[in-house]
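Trainee: Take a look at the letters that make up each chain.
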Amino acid sequence: MSTKKTILIVDDSISIRQVVSMTLKGAGYDVIEGCDGKDALTKLDGRKIHLIVSDVNMPNMDGIAFVTAAKKLPAYKFTPVIMLTTESGADKKSAGQAAGAKAWMVKPFQPAQMLAAVSKLILP
Amino acid sequence: MTEAATELHHRVALDGPLTIYTAAESKAKVLDPLKAGTHIEFDLAGVDEFDSAGLQLLILAKQEAARRGCSLSLCDHSPAVVELLELSGLVSFFGDPLLIQPHLA
Amino acid sequence: MNIDDVLKIFIAESQELLQQMEDALLQIEQNPHDPDIINAIFRAAHTIKGSAGLFGLDAIVSFTHVAESVLDRIRSGEMAFNDTLTALFLQVCDQLNALIAHVDAGGSLDELEPALQKQGVALTTNLSHYLSGELAVAAAAPQRATQVVRESSDTPNEHWHLSLRFGPDVLRNGMDPLAFLRYLNTFGQIVHIVTLTEHVPAADEMDPETNYLGFEVAFATEADKETIEGAFEFVREDSQIRIFPPNSKTVDYIQLINELPEEDLRLGEMLVRCGALTQSELEKALLKQSEPEASPAPIGEVLINEQNVQPQVVTAALQKQKQVKDNRTAEGNLIRVDANKLDQLINLIGELIIAGAGTQLAAQQSGAAQLVESTGVLSRLVEEVRDSALTLRMVQIGTTFNRFQRVVRDVSKELGKDIVLEISGGDTELDKTVVEKIGDPLTHLIRNSMDHGIEPASVRLERGKPAQGTVRLNAYHESSSIVIEVSDDGGGLNKDRILRKAIERGLVSDNQSLTDKEIFNLIFEPGFSTADQVSSLSGRGVGMDVVKKNITALRGTVDLDSIEGVGTTTRIRLPLTLAIIDGFLIGVGKATYVVPLDMVEECIELTSDQSSAARQSTSDYIDLRGDALPFIRLRELFAVEDEPPRRENVVVVNYAGNRAGLVVDQLMGEFQTVIKPLGKIFDNNRALGGFTILGSGAVALILSVPGMIGAIAQRQAAPSTAMTINS
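Chains as they are written, first to last, in the numbering used here: chain A, 268 to 391; chain B, 3 to 107; chain C, 139 to 865.
Next comes chain A alone, as it looks inside the complex (with noise of 0.2 angstroms):
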């Protein structure tokens, strides 16, 4: 499909947002962004949404909360959502995977790494 597919990242730490940002639209996709779970509710008003990309640790609303609300809209029911993570607390995740994030990243990673990921969770 020529469609442009549409990534939200949602990160506090802008240099991550930027990077990570700039790596897919360079892989040519539409990328919009949030800067905590709270400001990423917002920017789920109906469009269509491919790929969630989310920090864990955020102010005002934490990726899970976030998560676990995205997943509650109907149109982003079944928006997969990769978790960004600076260490695996298994608390976290398994709190993350029951509202839907089975997909995890350890930070850091490379632009290259985040490619990759997408592309298994995305359908061209």
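Keep in mind that the hints were calculated from the coordinates and are not lab data.
One or more hints might be untrue.
To be verified - In silico DSSO-like links for lysine-lysine, alpha-carbon gap of 30 angstroms or less:
#1 A/Lys271 to A/Lys339
#2 A/Lys339 to A/Lys272
#3 A/Lys344 to B/Lys31
#4 B/Lys31 to A/Lys315
#5 A/Lys338 to B/Lys31
#6 A/Lys272 to B/Lys31
#7 C/Lys146 to A/Lys292
#8 C/Lys479 to C/Lys555
#9 A/Lys310 to B/Lys37
#10 B/Lys29 to A/Lys338
#11 A/Lys315 to B/Lys29
#12 C/Lys146 to C/Lys256
#13 B/Lys37 to A/Lys271
#14 A/Lys339 to B/Lys29
#15 A/Lys310 to C/Lys555
#16 A/Lys272 to B/Lys29
#17 C/Lys655 to C/Lys555
#18 B/Lys31 to A/Lys271
#19 A/Lys305 to C/Lys146
#20 A/Lys339 to B/Lys37
#21 A/Lys344 to A/Lys272
This structure is a prediction, so every number in the text was calculated from the model and none was measured.
Starting from the known structure of chain A, fit chains B and C onto it as the hints suggest.
Mentor: Structure of chains B and C alone, referenced to chain A:
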């Protein structure tokens, strides 16, 4: 879904996404036509999005058709469908002729 | 925005994090088990590692990784912070700072200075001592990326075999099995694939959102097993993923056939179709299977097989950590602004004030009431703009204070004295330009306190003090000044010794009577101390005149209180801002001068009686409601020669508790004053603090009240010498 019916031959166009997002509603879409005839053809030209959930529904329809003793064929596969059929190696399972896509040739 | 811009953000972020890390490390010495502090240190290392990876800064990633692994053991309670570890991590902090600075300077991490590189290796080695075997090995040889194992592919029909059974929930979780297969094609080729359709149930039972698909795949790739496993990392917990390398033994496949729920023959056929087994191998195997003596696959073997597809145990162990990344700075509420832009704004506002004053003057001269009124409103607004612009540059002194934790720590180790730094008033704000310049003098004072003030532990115990010495940094606002105190609970200054030295040096004559404070403050005099005296002087000494000079350059003052045996307090008083002040205009002869308004206490008329009385006595004092008020005639000070007016006025100024009167001709009212620096030629003139341009375009000199009061004090102290304020 539009139907152009002869007595036994149903040609059904499946339009729009056939994916996990639409899977629940699409199940009926692929099963209902089977009740109407002995030879059913799905026109897939309008399937602009297709994924494993969609593929499963086609498999379901194919198997259900066989169980009912009618035949199901697929035609006018959209590029999205062609790609996944080839990827999954299920082209021969459905047994329908595929148009060779320019980019795949 | 390109990658370089983002890199700059990364550098700034990292530097901030490293500062936080250092602060936390200094706190950890007092509370080695405080989980919040440990987390703060860990978090800093983590985030830096995380971001550095994005920029391909592998050297920083691998170095930070080792540090982080050690920190993780501390966090999990396996180890605790001690002095050695803290010192080590402070070095790690320094090293990271150096690496970041190197990146900032545009250098490549592959071309480090030898010293930096050596330090990196040394620290890594040191750190890996704290890691247990496996991790230490990994740390010593950090892997860059997955190694691609190249195998000769001269037997092209030998492929990897992947047996994939995706879990029922993968679709609901947004994972598409076909997307993973598609991904396989990015690093290899699916040679043959069989999709298992038989698990799709009959229509009534089929849940369209449940996955029923499985695959047997023959896969050609030069990648290693880890890479192939990696393709399925997001689903392997919910799915059964089995990977067989090329030329796997037949028994492995047989075991696969046994384990999987599909009918043996059907699966066997698939394997044959995928080229994993030959038909005869399959037949033989299935035959053997049916023989009664063939034991079922022992559990152990199944487990081993399972382990093949499980994530690396080491990685899993490494990652069993708790998550922390809260306590973030509220990034969203702050904007980073180039300090130069702020300076430019302040300068413009300075010009605005001058122009505004000109307009107001013109308005008054025109006599147009409406114009006067509107310029009045305008100038009030300008004043508000000025105030808020100045607050933009106000920063808390806490950051500067905290930096001294490190200084105190390092110096106390160096001196072998146990000294802690206590900080208070860190939230006191002052102008950024002042903050930047206060660092050196403070360092000097703190080092002096530690070196010469705090006694050795044995002496302290003898004197009944705690063995641990304390240096305190405190800040508070007082009128429009900020006061910064450096105090210690050391031995204090020896008055007699200072006096003796001062007399020796010819700074004071031996018949002068000085107050204690005056004696203590002698140590700020240039030439009071020289290097060779530092060791013989129990108090402080070296370079205090330099401190004073620096502070004076900031229009500030410094003085000192000391009680022998109890401690010393040095007080630095600085103006809150260097740029704009509320001034009070005074006229002498034809010239106009500005006195900072906040130092003006009151204005009184100098009666002719007082004037002539003062003239007749040798000293210039007037009686201010019973108190003797020393005064200076600006007319004399600035050698104004024309006839004084019939009535003169006295402006009573107060600075740091000292009052003095300035005798002037005219009182002209308030004026917003933009301070412009005077040229070098005025450097020695302590009476002047700068100049400003009046609304009329005329120049007015700004009087330095501290300088004036100092001059008056000096004159009183040495009445015989002719008064001079040119020191």
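Trainee: Does each hint hold? Answer for all of them.
Mentor: Hints versus structure:
1. For the given pair, A/Lys271 sits about 25 angstroms from A/Lys339 by alpha-carbon distance, which is consistent with the 30 angstroms threshold.
2. Between A/Lys339 and A/Lys272 the CA atoms are separated by roughly 21 angstroms; this keeps the pair inside 30 angstroms, and the hint holds.
3. Taken as a hint, the A/Lys344 and B/Lys31 pair is honoured in the structure, with Cα atoms around 21 angstroms apart against an allowance of 30 angstroms.
4. About 23 angstroms separates the Cα atoms of B/Lys31 and A/Lys315, which keeps this hinted pair within 30 angstroms; it holds.
5. Straight-line distance between C-alpha atoms of A/Lys338 and B/Lys31 comes to about 25 angstroms, which keeps the hinted pair within the 30 angstroms bound.
6. Only pairs whose Cα atoms come within 30 angstroms are accepted, and A/Lys272 paired with B/Lys31 is accepted, the gap being roughly 26 angstroms.
7. In summary, the hint linking C/Lys146 to A/Lys292 is supported, as the alpha carbons are separated by about 20 angstroms, within the 30 angstroms threshold.
8. At roughly 45 angstroms between alpha-carbon atoms, C/Lys479 and C/Lys555 are farther apart than 30 angstroms, so this suggested pair is violated.
9. Only pairs whose Cα atoms come within 30 angstroms are accepted, and A/Lys310 paired with B/Lys37 is rejected, the gap being roughly 43 angstroms.
10. For the hint linking B/Lys29 to A/Lys338, the alpha-carbon distance of about 22 angstroms falls within 30 angstroms, and the restraint holds.
11. At most 30 angstroms may separate the alpha-carbon atoms for a hinted pair to count; A/Lys315 and B/Lys29 meet this at roughly 22 angstroms.
12. Using a Cα cut-off of 30 angstroms, the hinted pair C/Lys146 and C/Lys256 holds, with the two alpha carbons roughly 26 angstroms apart.
13. A distance of roughly 38 angstroms separates the Cα atoms of B/Lys37 and A/Lys271; the hinted pair therefore is violated under the 30 angstroms criterion.
14. Taking the CA atoms of A/Lys339 and B/Lys29, the gap is about 22 angstroms. The hint holds against a cut of 30 angstroms.
15. For the given pair, A/Lys310 sits about 58 angstroms from C/Lys555 by alpha-carbon distance, which is inconsistent with the 30 angstroms threshold.
16. Taken as a hint, the A/Lys272 and B/Lys29 pair is honoured in the structure, with Cα atoms around 25 angstroms apart against an allowance of 30 angstroms.
17. A C-alpha spacing of about 28 angstroms is found between C/Lys655 and C/Lys555, which places the hinted pair at or below 30 angstroms, so the restraint holds.
18. Between B/Lys31 and A/Lys271 the alpha-carbon distance is near 27 angstroms, which keeps this suggested pair within the 30 angstroms criterion.
19. Distance restraint check for A/Lys305 and C/Lys146: the Cα-Cα separation of roughly 27 angstroms lies within the 30 angstroms cut-off, and the hinted pair is therefore satisfied.
20. Distance restraint check for A/Lys339 and B/Lys37: the Cα-Cα separation of roughly 35 angstroms exceeds the 30 angstroms cut-off, and the hinted pair is therefore not satisfied.
21. Under the criterion of a C-alpha separation no larger than 30 angstroms, the hint pairing A/Lys344 with A/Lys272 is consistent with the structure, at around 17 angstroms.
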